[in-house]
Amino acid sequence: MKVDRPLIVAPRSFDWAPVTIPDAVEPGKVRIRTLVSLISPGTELRLYRGDPMVDEVWDCFADIDAVTTEGMGVIPEYRITGRNQPSGAKYPVNCGYNLIGEVVEVGAGVRSLAEGDRVFALARHQPIFDIREWQAVKVPEGVATEAAAFGYLPTLGLHALRRGGFTPGLNVAVIGLGLIGFGAALVADAIGAYLACFEINPVRRRRAADALPGALILDPTADGFADALMERFQPFGIDVAVEAAVGPAPLDLGMRILDDQGRMVAIALHPEDVGSLLSADFYNKQASILGTSNAPYEDPAKRLSRFTCADNVSYLLELRRRGRLPLEAMHTDTYPATDIDVAFTDLDAAERDMIGVLLDWR
Numbered sequence: 001m002k003v004d005r006p007l008i009v010a011p012r013s014f015d016w017a018p019v020t021i022p023d024a025v026e027p028g029k030v031r032i033r034t035l036v037s038l039i040s041p042g043t044e045l046r047l048y049r050g051d052p053m054v055d056e057v058w059d060c061f062a063d064i065d066a067v068t069t070e071g072m073g074v075i076p077e078y079r080i081t082g083r084n085q086p087s088g089a090k091y092p093v094n095c096g097y098n099l100i101g102e103v104v105e106v107g108a109g110v111r112s113l114a115e116g117d118r119v120f121a122l123a124r125h126q127p128i129f130d131i132r133e134w135q136a137v138k139v140p141e142g143v144a145t146e147a148a149a150f151g152y153l154p155t156l157g158l159h160a161l162r163r164g165g166f167t168p169g170l171n172v173a174v175i176g177l178g179l180i181g182f183g184a185a186l187v188a189d190a191i192g193a194y195l196a197c198f199e200i201n202p203v204r205r206r207r208a209a210d211a212l213p214g215a216l217i218l219d220p221t222a223d224g225f226a227d228a229l230m231e232r233f234q235p236f237g238i239d240v241a242v243e244a245a246v247g248p249a250p251l252d253l254g255m256r257i258l259d260d261q262g263r264m265v266a267i268a269l270h271p272e273d274v275g276s277l278l279s280a281d282f283y284n285k286q287a288s289i290l291g292t293s294n295a296p297y298e299d300p301a302k303r304l305s306r307f308t309c310a311d312n313v314s315y316l317l318e319l320r321r322r323g324r325l326p327l328e329a330m331h332t333d334t335y336p337a338t339d340i341d342v343a344f345t346d347l348d349a350a351e352r353d354m355i356g357v358l359l360d361w362r
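Residues in the sequence shown are numbered consecutively from 1, following the numbering used here.
Everything labelled a hint here was simulated from the structure, so no lab data went into it.
The reader is advised that the hints may include incorrect statements.
[Stated by the list, open to error] Lysine to aspartate or glutamate pairs mimicking EDC-like chemistry, simulated, CA-CA at most 20 Å apart:
1. 90 / 63
2. 2 / 63
3. 2 / 15
4. 138 / 318
5. 2 / 65
6. 138 / 115
Taking the hints into account, I'd like the entire structure generated from these sequences.
Okay, structure coming up:
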């Protein structure tokens with residue numbers, strides 16, 4: 001069986017090309033029919049524009065027949081890496097890694113899933129595909145399909161909080177309220193943080209204020225923002241800052257607002273000069289700067305890590321089922337999957353206002 005799926009074939013240009021689906025589902029796998037998929041406004045927009053990125057990213061999506069990427073986040077042995085220089089575009093590429101679908105067939109040996117189950121998958125924008133059983137995370141009853149599509153990206157914030165040594169009751173700041181930062185803020189609130197959010201865009205601030213009524217939402221360029229922060233967080237300041245915006249200014253802000261021995265965890269990718277990151281504040285506050293990616297994308301049964309991508313997605317979907325994590329707050333727009341080119345064009349033009357864009361395949 002052949003199905004058509006979208007490929008980016010040149011900067012800002014899509015084409016639909018066929019991919020072969022096996023006649024029979026292999027043992028240990030399930031066949032998924034896509035319901036909705038989410039566009040990542042970070043990585044996928046860069047693929048669409050042809051922006052420079054490290055080779056690993058381009059190579060991952062240049063494997064156009066791969067439905068997903070196994071082994072992501074796993075470094076099996078010590079290695080000295082080359083300089084992290086960005087690479088040029090490598091077209092054609094596929095795209096997508098946030099998808100909700102329905103199980104339509106199960107292979108021999110599959111025990112945890114059945115036909116009709118809704119699942120989350122780190123899969124490409126494609127109408128039907130096969131994946132391993134562990135790669136399909138069951139969506140709990142009561143969680144809307146559209147909300148469940150946002151089950152993965154906030155795990156970046158969850159992982160960042162763990163990297164920063166978060167425990168409930170600490171003061172957390174999230175810098176940048178794009179899709180990744182907003183997701184991190186929602187997670188921090190759901191798991192017990194006292195929260196401050198910083199964003200220069202008023203639309204994003206209003207969206208966060210609606211979803212996070214207990215958080216302090218500030219424009220870091222406005223007069224008086226420091227006084228407002230100091231008034232809310234006394235006698236202790238920010239324990240963990242999650243930095244989810246690109247450029248020297250967000251990193252500088254994170255260092256300025258940290259309390260003594262605070263930790264700043266950087267999620268955003270910084271391809272350019274990051275400014276005077278190791279400033280006097282870094283030394284005087286004895287601050288820590290931590291990098292983060294995500295938990296391994298591997299079978300949890302291998303026990304490579306206490307938490308895997310699948311574990312984290314399952315946890316966040318359960319928080320949504322309990323009414324503690326409003327994932328749907330990140331959803332801003334929906335397009336028919338056949339209009340993927342229009343969706344990307346609009347997202348490219350209005351990136352700062354459109355953050356959570358779904359493609360509907362139904």
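So, going through the hints one by one against the coordinates:
no.: 1; hint: 90 / 63; result: 10 Å, holds
no.: 2; hint: 2 / 63; result: 18 Å, holds
no.: 3; hint: 2 / 15; result: 16 Å, holds
no.: 4; hint: 138 / 318; result: 10 Å, holds
no.: 5; hint: 2 / 65; result: 12 Å, holds
no.: 6; hint: 138 / 115; result: 12 Å, holds
Comparing the model with each earlier hint shows no violations; every hint is respected.
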